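Visitor: With these hints in hand, go ahead and build the complete structure from the sequences.
If you read the sequence shown in the numbering used here, its first letter stands for residue -7, the second for the next number, and so on.
Just so you know, these hints were derived from the structure itself, not from any lab. Given the structure is predicted, the values throughout are model-derived calculations rather than measurements. Hints are not guaranteed to be accurate.
[Unchecked claim] Pairs of lysine-lysine, BS3-like flavour, derived with a Cα cap of 27 Å:
1) K15 <-> K(-5)
2) K15 <-> K50
3) K15 <-> K56
4) K(-5) <-> K59
5) K50 <-> K(-5)
[What the hints assert, rightly or not] Label pairs and their in silico Cβ distance ranges:
6) S31 <-> L(-4): 16 to 24 Å
7) I13 <-> R52: 18 to 26 Å
8) L34 <-> G12: 28 to 36 Å
Heads up, the beta-carbon is just placed ideally off N, CA and C, and yes, glycines get one too.
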Amino acid sequence: MRKLMYCRDHGLCVRCRSNGIIKIGDVVDHIIPLLVDWSRRLEPNNLQTLCHACHNQKTRNDKKAYKR
-7 MRKLMYCRDH GLCVRCRSNG IIKIGDVVDH IIPLLVDWSR RLEPNNLQTL CHACHNQKTR
53 NDKKAYKR
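Guide: And the structure:
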């Protein structure tokens, strides 16, 4: 699944791309965290490729939002 998502996103960070920045993605991330909804863990529309910096920022934001 990880390789499929990486290919789907052309190996690029989707958050950086949305801001006009081209950066290699190195993490396939769950948009809705596993702790919130385990059943969506393998849904392609719940997965995204992120660079390390964006993944760390999203993780911090998720912890605040979901108080985990």
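Visitor: Which of the numbered hints are not met once you compare them with the structure shown?
Guide: 4
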